[in-house]
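Trainee: The sequence shown begins at 0 in numbering that gives the first Met the number 0 and counts up by one.
Just so you know, not all the hints are guaranteed correct.
[To be verified] Pairwise CB distance ranges, derived in the manner of DEER restraints:
1. 75 - 245: 24 to 34 Å
2. 239 - 158: 49 to 59 Å
3. 37 - 334: 47 to 57 Å
4. 243 - 109: 17 to 27 Å
5. 224 - 108: 48 to 58 Å
6. 266 - 132: 42 to 52 Å
7. 135 - 73: 26 to 36 Å
8. 54 - 158: 29 to 39 Å
9. 148 - 316: 47 to 57 Å
10. 162 - 72: 43 to 53 Å
11. 135 - 334: 46 to 56 Å
12. 36 - 334: 51 to 61 Å
13. 331 - 165: 40 to 50 Å
In case anyone wonders, no lab produced these hints; they're calculated from the structure. Being a predicted model, the structure only gives us computed values, none of them experimental. Even glycine gets a Cβ: it sits at the ideal position worked out from N, Cα and C.
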Amino acid sequence: MRGRAGSFRLGPFLLPPKDRCMASILLTGMTSPQTSSKTNERALSFAGLLNKVLRDAGHSVMWTSPDVLWTTDFLDGFDAVLVGVSPLTSLAANRAYGALSVIDLMHRSPKLSLFLDAPEPSLVTVSLRAMLNNPANLTKSLYALRKQFAEVKDTQHEQRCLSAIKALYSGAGLRLLLPVLPWRGASAHLSALPEAYAENIHSVNLDAHLISDDVRGGVTTRQAQWVTNLPKSSWVTKTQPGLACAVSCLPSGRDRSDRETSLLISQSTGILISPHKRSGTWWSPLYAQALSTNTPVITEWRESAVIGESWNFLAATLEELSQDERHEIALAQRREYLAHIPTSDIATELLEAAILPKGIKNK
């Protein structure tokens, strides 16, 4: 069964002027995937992809955990400062104090860019509101294991963190980067964010750096099973009963490595990439991993179908096809996906244009 596809592009992708210069960039954030190269050696995050693309372009990137002791003079030494944000009430935001301190010092600077890699932006907004309504929650005992908890509790650093929370909740003058899919741009998430972010929000898709234009390999023998990232999601739960093949869960957290994940994907009938309950489909490196192994992707077709017929399938329909037919669909998915995202060169230049203030040169 298929639905009818419309047409949609994230473009036009207009190239910025070619007067690029190499820049000094600070990349940090609130969570381990946003700040740790070691974590990203196992499983690539959006921050890891930002680091890769900027370094490959020749920029000097300092990718590290934030520190509440950093000063304005230190931060001003960079041409651009990128800070990842996350729901403040999440235990995963164990570097939140340092990130908030950076945001407080830099929120009026054109050098600051925020990026949001969480699949439910509304949770960030809700957590900001919760902290503003009860500031004491910022340093309650539940967060005692967060980095620099002792330095922040009952000190001037706590007030700076609260000041940053106010700035984040306002959104005024802040630049925000969102990783997006070719069928769903950043504007789809504006209703979940404070209104002011609409003035300076940027859709970012860097997947061309992960997906080769070359088709590698022909039809391969695959196991009669699906793999998925969220086996307990309502979408997978509804999809699974209609399938003849079993559904296996991909490893996650500390058990996950990109190499193992790619191998499991390449051996499967296809991958089920679940949309998130509140925000629908969200960017994931799993799309690039599947497309790079010629593995069919099934996600919420009501969203993905707008880029082409190959993204318009239900999992049960795909099972009824031959292995050769599924292989051809996977190749078509790769072509249609790449046709609706910027090339690697253009993606790099668009990212540079977004994060590097006009006129800023190397020190």
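Trainee: How does the Cβ-Cβ distance of residue 75 and residue 245 compare with 24 to 34 Å: does it lie in that range?
Mentor: violated, 55 Å
Trainee: Given the range 42 to 52 Å, decide if the beta-carbon distance of residue 266 to residue 132 lies inside it.
Mentor: Holds, at about 49 Å.
Trainee: Confirm or reject the claim that residue 243 and residue 109 have a C-beta distance inside 17 to 27 Å.
Mentor: At roughly 56 Å between Cβ atoms, residue 109 and residue 243 fall outside 17 to 27 Å, so the hint is violated.
Trainee: With 47 to 57 Å as the target window, see if residue 37 and residue 334 comply at their CB atoms.
Mentor: Between residue 37 and residue 334, where Cβ atoms are some 35 Å apart, the hint is violated.
Trainee: If you check the beta carbons of residue 36 and residue 334, does the distance land in 51 to 61 Å?
Mentor: Hint violated: Cβ distance 33 Å, outside 51 to 61 Å.
Trainee: For the pair residue 239 and residue 158, does the Cβ-Cβ distance stay inside 49 to 59 Å?
Mentor: For residue 158 against residue 239, whose Cβ atoms are near 50 Å apart, the range 49 to 59 Å holds.
Trainee: Falls inside 43 to 53 Å, the C-beta gap from residue 162 to residue 72?
Mentor: violated, 19 Å
Trainee: Given a hint of 46 to 56 Å, does the C-beta separation of residue 135 and residue 334 actually sit inside it?
Mentor: At roughly 54 Å between Cβ atoms, residue 334 and residue 135 fall inside 46 to 56 Å, so the hint holds.
Trainee: Determine whether the Cβ-Cβ distance between residue 224 and residue 108 falls within the hinted range of 48 to 58 Å.
Mentor: This hint holds: roughly 50 Å between Cβ atoms.
Trainee: Taking the CB of residue 331 and the CB of residue 165, does the distance hold inside 40 to 50 Å?
Mentor: holds, 48 Å
Trainee: Taking the beta carbons of residue 148 and residue 316, is their distance inside 47 to 57 Å?
Mentor: Once the Cβ atoms are compared, 52 Å apart, the range 47 to 57 Å for residue 316 and residue 148 holds.
Trainee: Taking the beta carbons of residue 135 and residue 73, is their distance inside 26 to 36 Å?
Mentor: holds, 30 Å
Figure legend: structure checked against the earlier numbered hints; hints not met, in rising order: 1, 3, 4, 10, 12.
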